[in-house]
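A.B. asks: Just so it is clear: in the sequence shown, position 60 is 60 by our numbering, and no numbers are missing.
Worth flagging that the hints you see were computed from the coordinates, not collected in a lab.
Small disclaimer: the values here were computed from a predicted structure and weren't measured.
Each residue gets a CB set at the ideal place from its N, CA and C atoms; glycine is no exception.
It is possible that some hints are incorrect.
Unchecked claim - Calculated cross-link-like contacts (lysine to aspartate or glutamate; reagent style EDC-like; alpha-carbon spacing at most 16 Å):
{"id": "1", "residue 1": "K40", "residue 2": "E56"}
{"id": "2", "residue 1": "K61", "residue 2": "D27"}
{"id": "3", "residue 1": "K40", "residue 2": "E12"}
To be verified - Pairwise CB distance ranges (calculated):
{"id": "4", "residue 1": "L29", "residue 2": "A74", "range": "26 to 32 Å"}
{"id": "5", "residue 1": "A4", "residue 2": "G26", "range": "33 to 39 Å"}
{"id": "6", "residue 1": "M5", "residue 2": "A64", "range": "24 to 30 Å"}
{"id": "7", "residue 1": "P23", "residue 2": "Q48", "range": "25 to 31 Å"}
{"id": "8", "residue 1": "A50", "residue 2": "D27", "range": "28 to 34 Å"}
{"id": "9", "residue 1": "R30", "residue 2": "D60", "range": "19 to 25 Å"}
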Amino acid sequence: MSTAMLTINDLETAINFWRSRSPAVGDELRLCPEAAALAKPYALMIVQGATTIAPEQLGDKALAAWQAYRATRAGG
Numbered sequence: 001m002s003t004a005m006l007t008i009n010d011l012e013t014a015i016n017f018w019r020s021r022s023p024a025v026g027d028e029l030r031l032c033p034e035a036a037a038l039a040k041p042y043a044l045m046i047v048q049g050a051t052t053i054a055p056e057q058l059g060d061k062a063l064a065a066w067q068a069y070r071a072t073r074a075g076g
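All chains, full assembly: derive it from the sequences and hints.
C.D. replies: Here is the structure:
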């Protein structure tokens, strides 16, 4: 796995990718699972004032969403 740090902008871009691919649904505007998984570390970064995060700190679901986003971008 790459040890490159992810920026808050990286996460925001990935969240927006998933939101455009699978828009929020329901009266509560529930995010798709990938965007929701990435939104958790993104929000934590905002609260903590962090600008970068290591991929290993994302958690399993967020890391999978990030890797799937990167794979889509690499293959596009």
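A.B. asks: If a hint holds in the structure, say so; if it doesn't, say that too.
C.D. replies: Outcome of the hint check:
1. K40 / E56: Judged against 16 Å, a Cα distance of about 14 Å means the pair holds.
2. K61 / D27: With a Cα-Cα distance of about 24 Å, the restraint between K61 and D27 is violated, given a limit of 16 Å.
3. K40 / E12: With a Cα-Cα distance of about 11 Å, the restraint between K40 and E12 holds, given a limit of 16 Å.
4. L29 / A74: 26 to 32 Å: The hint (26 to 32 Å, Cβ to Cβ) holds, given that L29 and A74 are roughly 30 Å apart.
5. A4 / G26: 33 to 39 Å: At 35 Å between Cβs, range holds.
6. M5 / A64: 24 to 30 Å: violated, 18 Å
7. P23 / Q48: 25 to 31 Å: holds, 29 Å
8. A50 / D27: 28 to 34 Å: holds, 32 Å
9. R30 / D60: 19 to 25 Å: Since the Cβ atoms of R30 and D60 sit about 20 Å apart, the hinted range of 19 to 25 Å holds.
The structure does not agree with the numbered hints 2 and 6 stated previously, though it agrees with the rest.
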